[in-house]
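Asker: The primary structure of each chain is shown beneath.
There are 2 protein chains.
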Amino acid sequence: MEMKLASIGVVLALIALAGYREARSQVHKTCDGFDLVDKSGNIRKPVGYRDHYQILGTFTVLDAIPMASGSERGAEIHYTYASPGTAEYYRKTGQFPDGAVLVKEVFGSDHGPLTTGDAHWASGTKQWFVMIKDAKGRFPQNPLWSDGWGWALFKPDSPDKQIATGFAKDCQGCHIPASSTDWVYVQGYPVLSSK
Amino acid sequence: MEMKLASIGVVLALIALAGYREARSQVHKTCDGFDLVDKSGNIRKPVGYRDHYQILGTFTVLDAIPMASGSERGAEIHYTYASPGTAEYYRKTGQFPDGAVLVKEVFGSDHGPLTTGDAHWASGTKQWFVMIKDAKGRFPQNPLWSDGWGWALFKPDSPDKQIATGFAKDCQGCHIPASSTDWVYVQGYPVLSSK
Chain A
2 MEMKLASIGV VLALIALAGY REARSQVHKT CDGFDLVDKS GNIRKPVGYR
52 DHYQILGTFT VLDAIPMASG SERGAEIHYT YASPGTAEYY RKTGQFPDGA
102 VLVKEVFGSD HGPLTTGDAH WASGTKQWFV MIKDAKGRFP QNPLWSDGWG
152 WALFKPDSPD KQIATGFAKD CQGCHIPASS TDWVYVQGYP VLSSK
Chain B
2 MEMKLASIGV VLALIALAGY REARSQVHKT CDGFDLVDKS GNIRKPVGYR
52 DHYQILGTFT VLDAIPMASG SERGAEIHYT YASPGTAEYY RKTGQFPDGA
102 VLVKEVFGSD HGPLTTGDAH WASGTKQWFV MIKDAKGRFP QNPLWSDGWG
152 WALFKPDSPD KQIATGFAKD CQGCHIPASS TDWVYVQGYP VLSSK
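From first to last, the protein sequence lines are chains A and B.
For any residue, its number in the numbering used here is found by taking its place in the first sequence, counting from 1, and adding 1.
For any residue, its number in the numbering used here is found by taking its place in the second sequence, counting from 1, and adding 1.
Calculated directly from the structure, the hints in this document are not laboratory data.
Just so you know, not all the hints are guaranteed correct.
[Claimed, not checked] Derived lysine to aspartate or glutamate pairs resembling DMTMM-like cross-links, with alpha carbons at most 25 Å apart:
| hint | chain 1 | residue 1 | chain 2 | residue 2 |
| --- | --- | --- | --- | --- |
| 1 | B | 196 | A | 111 |
| 2 | A | 196 | B | 183 |
| 3 | B | 105 | B | 36 |
| 4 | A | 105 | B | 33 |
| 5 | B | 93 | A | 52 |
| 6 | B | 196 | A | 33 |
| 7 | A | 196 | B | 33 |
| 8 | A | 127 | B | 119 |
| 9 | A | 105 | B | 36 |
| 10 | B | 196 | A | 52 |
| 11 | A | 93 | B | 52 |
Just so we're clear, the structure is a prediction, and the values are computed from it rather than from any experiment.
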């Protein structure tokens with residue numbers, strides 16, 4: 002009888018600990034960008050980033066050069082989200098952690114005279130860029146893994162289909178001015194310097 | 002001996018469960034804005050909102066009317082953060098939950114010709130507005146609690162000191178155009194309509 006009680010107690014303890022550890026691992030798991038990458042280096046867009054990632058900052062681009070051919074010039078608003086823990090790590094080390102995921106969601110915009118002035122705000126997703134930090138050079142044969150990151154592009158007509166073919170062709174041109182800050186436009190992201 | 006083992010097992014189970022429940026309650030506790038309010042309705046600015054709250058969206062205001070007297074007109078970028086769970090609740094119900102906290106951080110801006118066009122980004126906090134949803138009319142005598150919200154204002158020279166004196170005087174004027182959407186400029190916040 003007593004041995005049964007002891008066994009029940011130990012089993013309860015193990016079940017409770019397992020539940021606790023699972024809850025913790027779910028929190029930590031969201032930081033691991035390589036959950037989004039298959040063995041060949043193909044990148045998936047993370048699900049639920051608007052709810053579960055952290056904003057780094059936004060850029061409002063007036064008279065933006067359209068990325069889709071045939072589009073007219075107009076204002077775009079770029080929101081950059083990072084996987085949980087990325088900003089905290091960057092503030093401590095000045096670097097993006099291996100596995101960090103950045104999502105840049107490019108919106109069109111609306112604007113109007115609101116009470117504080119001529120206001121511009123996001124309206125309608127045009128495309129998403131995804132970058133995953135790779136400090137280990139995991140995919141040397143894949144043209145979308147270069148210079149310490151994996152690079153990806155998705156468009157709304159097929160939002161789960163990665164369509165970039167190579168870093169040099171699809172990504173490098175726009176990011177070259179930021180190459181000295183690990184290819185990221187960190188000047189627009191206040192949370193990378195202070196909480 | 003066996004009874005001791007049973008007791009140890011049960012104690013272990015209770016400790017593990019307590020740890021698990023504490024971890025869960027820390028997650029949920031961050032949603033309760035009334036932790037930031039004293040018995041008279043005085044509002045504190047939340048700590049760590051850039052890391053722990055969720056972005057709703059940003060407004061870029063060109064040629065903004067300066068809120069600080071003596072300032073020159075210039076572009077401002079407004080970031081609005083919400084306490085965890087606020088956006089999910091709003092998507093399901095079309096309402097802000099009781100206790101929801103909104104922080105609008107008003108930045109100055111820098112700008113320059115980046116690769117995509119004439120880009121504007123946040124630089125230097127000018128002030129913070131805080132709103133806390135109050136569905137119960139908790140502070141009928143306090144002039145900063147009105148129309149379903151508590152209202153607060155903080156400035157960088159004394160960032161923890163709430164300095165608004167009344168909703169009608171300090172808040173209502175700028176928010177009137179949004180009165181039909183519970184006083185919030187929801188059109189600029191994509192996550193309120195889809196994940």
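Asker: For a C-alpha distance cap of 25 Å, please report whether residue 196 of chain B and residue 33 of chain A respect it.
Answerer: Status holds; Cα separation ~20 Å.
Asker: Verify the proposed pairing of residue 127 of chain A with residue 119 of chain B, using a straight-line Cα cut of 25 Å.
Answerer: 18 Å, holds
Asker: Given the hint that residue 196 of chain A pairs with residue 33 of chain B, does the C-alpha gap stay at or below 25 Å?
Answerer: 20 Å, holds
Asker: Straight-line Cα separation of residue 105 of chain B and residue 36 of chain B no greater than 25 Å?
Answerer: OK: residue 105 of chain B and residue 36 of chain B at ~19 Å, within 25 Å.
Asker: Holds or violated: are the alpha carbons of residue 93 of chain A and residue 52 of chain B at most 25 Å from each other?
Answerer: 14 Å, holds
Asker: Hinted pair, alpha-carbon criterion (25 Å max): residue 105 of chain A, residue 33 of chain B. Please report holds or violated.
Answerer: 30 Å, violated
Asker: Below or equal to 25 Å on CA atoms is what counts here, so check residue 105 of chain A against residue 36 of chain B.
Answerer: 33 Å, violated
Asker: Taken at face value, is the distance from the CA of residue 183 of chain B to the CA of residue 196 of chain A at most 25 Å?
Answerer: 29 Å, violated
Asker: Assess, step by step, whether the Cα of residue 196 of chain B is no farther than 25 Å from the Cα of residue 52 of chain A, and give holds or violated.
Answerer: At roughly 7 Å apart (the allowed maximum being 25 Å), residue 52 of chain A and residue 196 of chain B satisfy the hint.
Asker: Hinted pair, alpha-carbon criterion (25 Å max): residue 196 of chain B, residue 111 of chain A. Please report holds or violated.
Answerer: With Cα atoms ~20 Å apart, residue 196 of chain B and residue 111 of chain A stay inside 25 Å; holds.
Asker: Given the hint that residue 93 of chain B pairs with residue 52 of chain A, test it: the Cα-Cα distance must not exceed 25 Å.
Answerer: 14 Å, holds
The structure does not agree with the numbered hints 2, 4 and 9 stated previously, though it agrees with the rest.
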